[in-house]
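Enquirer: Now for the letters of each chain:
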Amino acid sequence: MIVFEDVVKMYQNKQVVNHLNLTIASGEFFVLVGPSGSGKTTILKMINRLTQQTHGKILIDNKDIASASTVVLRQHIGYVLQNIALFPNLTISQNAGILLEANGVKREKRQQLVKALLHKVGMPYEQYGSRMPSELSGGEQQRVGIVRALITKPEIILMDEPFSALDPLSRKQLQDLILSLYEEFKPTIVFVTHDMQEALRLGSKIGVLVNGELQQVGKPQTIINQPANALVSSLFNNQRITLIKDLLEAGLGQKITADMSIEAPHLKSTQTLQELAAELYSQDSVIIDQQYIINQRHLLMYISKY
Amino acid sequence: MLNDLLHFVMTHANDIIVALEEHILLSLAAILIAAVIAIPLAITLMNYRRAGEVVLQIAGIIQTIPSLAVLGVLIPFVGIGTFPAIIALVLYAIMPIFQNTYAGLTQIDANLLEAAEAFGFSKYFKLFKIQLPLAMPLILSGLRIATVMIIGTATLAALIGGGGLGSFIMIGIQTNDNAQLLLGAILSAVLALAFSWLIKIIGKLSLKKMGILVGVAIILLGGYFTGKALTQPKGRIAIAGKLGGEPEILINMYKELIESDNAGLDVQLKPDFGGTTFIYKAIKSGDVDIYPEFTGTVLQNLIKGQTVSHQPEQAYLDARAALHEQADLEYLAPMRYQNTYALAVRQSDAKKYHLKTTSDLTKMSSQLTAGFDHDFYELKDSYPGMKKAYGLQFKDVKSMSSSLRYNALANGQIDVTDAYTTDPQLKADKLVTLVDDKKYFPPFQGAPLVRGDILKKYPSVKKSLERLNNKITNQDMINMNYQVTVQHKAADKVAHLYLKKHNLLK
Numbered sequence: 001m002i003v004f005e006d007v008v009k010m011y012q013n014k015q016v017v018n019h020l021n022l023t024i025a026s027g028e029f030f031v032l033v034g035p036s037g038s039g040k041t042t043i044l045k046m047i048n049r050l051t052q053q054t055h056g057k058i059l060i061d062n063k064d065i066a067s068a069s070t071v072v073l074r075q076h077i078g079y080v081l082q083n084i085a086l087f088p089n090l091t092i093s094q095n096a097g098i099l100l101e102a103n104g105v106k107r108e109k110r111q112q113l114v115k116a117l118l119h120k121v122g123m124p125y126e127q128y129g130s131r132m133p134s135e136l137s138g139g140e141q142q143r144v145g146i147v148r149a150l151i152t153k154p155e156i157i158l159m160d161e162p163f164s165a166l167d168p169l170s171r172k173q174l175q176d177l178i179l180s181l182y183e184e185f186k187p188t189i190v191f192v193t194h195d196m197q198e199a200l201r202l203g204s205k206i207g208v209l210v211n212g213e214l215q216q217v218g219k220p221q222t223i224i225n226q227p228a229n230a231l232v233s234s235l236f237n238n239q240r241i242t243l244i245k246d247l248l249e250a251g252l253g254q255k256i257t258a259d260m261s262i263e264a265p266h267l268k269s270t271q272t273l274q275e276l277a278a279e280l281y282s283q284d285s286v287i288i289d290q291q292y293i294i295n296q297r298h299l300l301m302y303i304s305k306y
Numbered sequence: 001m002l003n004d005l006l007h008f009v010m011t012h013a014n015d016i017i018v019a020l021e022e023h024i025l026l027s028l029a030a031i032l033i034a035a036v037i038a039i040p041l042a043i044t045l046m047n048y049r050r051a052g053e054v055v056l057q058i059a060g061i062i063q064t065i066p067s068l069a070v071l072g073v074l075i076p077f078v079g080i081g082t083f084p085a086i087i088a089l090v091l092y093a094i095m096p097i098f099q100n101t102y103a104g105l106t107q108i109d110a111n112l113l114e115a116a117e118a119f120g121f122s123k124y125f126k127l128f129k130i131q132l133p134l135a136m137p138l139i140l141s142g143l144r145i146a147t148v149m150i151i152g153t154a155t156l157a158a159l160i161g162g163g164g165l166g167s168f169i170m171i172g173i174q175t176n177d178n179a180q181l182l183l184g185a186i187l188s189a190v191l192a193l194a195f196s197w198l199i200k201i202i203g204k205l206s207l208k209k210m211g212i213l214v215g216v217a218i219i220l221l222g223g224y225f226t227g228k229a230l231t232q233p234k235g236r237i238a239i240a241g242k243l244g245g246e247p248e249i250l251i252n253m254y255k256e257l258i259e260s261d262n263a264g265l266d267v268q269l270k271p272d273f274g275g276t277t278f279i280y281k282a283i284k285s286g287d288v289d290i291y292p293e294f295t296g297t298v299l300q301n302l303i304k305g306q307t308v309s310h311q312p313e314q315a316y317l318d319a320r321a322a323l324h325e326q327a328d329l330e331y332l333a334p335m336r337y338q339n340t341y342a343l344a345v346r347q348s349d350a351k352k353y354h355l356k357t358t359s360d361l362t363k364m365s366s367q368l369t370a371g372f373d374h375d376f377y378e379l380k381d382s383y384p385g386m387k388k389a390y391g392l393q394f395k396d397v398k399s400m401s402s403s404l405r406y407n408a409l410a411n412g413q414i415d416v417t418d419a420y421t422t423d424p425q426l427k428a429d430k431l432v433t434l435v436d437d438k439k440y441f442p443p444f445q446g447a448p449l450v451r452g453d454i455l456k457k458y459p460s461v462k463k464s465l466e467r468l469n470n471k472i473t474n475q476d477m478i479n480m481n482y483q484v485t486v487q488h489k490a491a492d493k494v495a496h497l498y499l500k501k502h503n504l505l506k
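Chains as they are written, first to last, in UniProt numbering: chain A, 1 to 306; chain B, 1 to 506.
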């Protein structure tokens, strides 16, 4: 659990973070979203003390982060950068395992962990392990960046606009990847983005930040449906991307029981309503998260209501 | 020329190997020490930009001081030989290594450093895993620049008794021996290439292996130099000679004379010990106890504000008194020959026209063409003054490169040139020098210069050395120089034969 207590950050007499009080629960995928200059990256970097707050306290699991050494603190916090920043002098597998190396993990063990995780992000060790970062595309590089941050199984992972420099296709693939990794490892993720769509797609909770001031914290649906103020609603107005899970949360769809046997295409609840509609155009029904079944009637009902 | 070169290589293979070895060790030691100073300094200062800039400025200023000046300044503090040579080279090498290392470390992408910071790397892990490897290409290029520079500059070590390939270059320049000059230059260039190539290879190793290699090299070199310092007998008496064959012959005579009179006295020779200024500083500081010097050189270069008498006896007495007063040095009785300027003609012409003195030449100078070394042609106290003193009127006077003038004279392109009176080329090219009968040039008579404290400690040394008083004629010296510098005979053998032939040994 990460707690901000009345945190203020000044840059040359300008207040960039204004009396922030925020609690991020353990295991949450918390997305901090806001336009550029809103102070979101500053907040992120205060968690691993790359930036020092001017005033206030930050607690992780009830311990003031100022009390521990930065080296120890940072070893438990993963970090993924916008510009990826793989070390150009090291191979992919060396980059992926560098945090293990820094912690003194033996070479064989290191290799084993790197192999497994690289495989998981779709970058087989045999094919990519000995390549240099410059030989990879941006999307591939950031996969390695994610592996590098995850390799030590940190309880907290900080991600600073990690996909904003990627092309739309890679961005979508990496969003899917980070969601599935999140499902698997359940770390606490603090994810900074200026992309509202990305925030809605990824966050289990979203904090909306404008001009250093936290406007609203809530689940994606709440942010969209009950914006706390005009600022928030204007930010998300054009971003009304509805997901399949919104439909499920509205109580539509049918739970699959053991005695049912259905042949139908599979989709995930994190996919958009648009994708669902495209599927249902040619199919009677679709299976969601292997738990629910949705048909054309459910979709039409949702659209008519919301 | 190529034949000369080959001949020299064949006859001096041993000397060449020793010089190469000295040069390599000198350069290697300088580069290692400079790297061990400059790289950690750059690492320390990379986070203190202002201090880093200050050090860059200082290193830059050191860089601009001429290397000869650095050597000159160092001698009073650290003496002569290998040690000050290494210090001077280190001073030069620090700048490019520091500059490149500093640039390499401070120009690393800030994002990478932020990542390293955010990952909680320790300072050392960050340094050895990220910063140094990323800066390595620049560090290596700094090392390469320093290496090439050091190998070039190390040729100057010859001036202060540091040995190395510079000996060939200096002697080559001094004695007009292009083969030696070329050899020294070629070997230095080859060495620079080889070192550069070696650094490239080392650059491909991992940091750990590099560290091990550097460590081993430091231990080996350190061992070599301390071993050398320990095993080298602290010569009771150190006799040095300037660059060239003639001083080497003389100091070998000194050694033999002293040793034959004083059984058990340890005499150490330091041949090719650089130029006048360095060797004089060395004898004053006690690094050298004895060396042969010319009266003219003493009066012109070593004693300030002295008018030079053109009477040899008076010149010697003036020099002796001044040296005794100024530096507590004893100038023992001189030898007979004079190594001074004179005009030279072909032996055949001398016979034909009965030329013995410069005055003889004056009478018929209007029929002759002269060719002089550029300096001799231009400097006021050389040809222009001499022309006035004797009333010389040549048909034509050419200014030419000093290396060409003997050949030109022998081939008949010119009839008269300037010469040193003991040059072995006089013999090689069948030339004679004319007596300076109006004593236009100051006398250059050789005599042993000895530290006062040495004579107090070993009074018999004076007697031994003065046995050469009034010995060795110009012709003797020309012959011996010819044997050593043209025929490449060993100087100690030539010296021994002379002493024996003239019954100067006990």
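Just so you know, these hints were derived from the structure itself, not from any lab. Keep in mind that a hint or two might mislead.
What the hints assert, rightly or not - For lysine-lysine, the following PhoX-like pairs were computed, each having C-alpha atoms within a straight-line distance of at most 25 Å:
id, chain 1, residue 1, chain 2, residue 2
1, B, 356, A, 153
2, B, 356, A, 45
3, B, 356, B, 439
4, B, 126, A, 115
As the list claims (entries may be wrong) - A partial selection of chain A residues facing chain B, derived with a Cβ cut-off under 10 Å:
id, residue
5, 65
6, 67
7, 69
8, 76
9, 81
10, 82
11, 87
12, 89
13, 91
We put the CB at the ideal spot given by N, CA and C, even for glycine.
Enquirer: Determine for every hint whether it applies to the structure shown.
Expert: Hints, one by one, checked against the model:
no.: 1; hint: B:356 x A:153; verdict: violated (102 Å)
no.: 2; hint: B:356 x A:45; verdict: violated (97 Å)
no.: 3; hint: B:356 x B:439; verdict: holds (14 Å)
no.: 4; hint: B:126 x A:115; verdict: holds (24 Å)
no.: 5; hint: 65; verdict: violated (13 Å)
no.: 6; hint: 67; verdict: violated (16 Å)
no.: 7; hint: 69; verdict: holds (9 Å)
no.: 8; hint: 76; verdict: holds (8 Å)
no.: 9; hint: 81; verdict: holds (6 Å)
no.: 10; hint: 82; verdict: holds (9 Å)
no.: 11; hint: 87; verdict: holds (6 Å)
no.: 12; hint: 89; verdict: holds (4 Å)
no.: 13; hint: 91; verdict: violated (12 Å)
Checked against the numbered hints above, the structure breaks hints 1, 2, 5, 6 and 13 and satisfies the rest.
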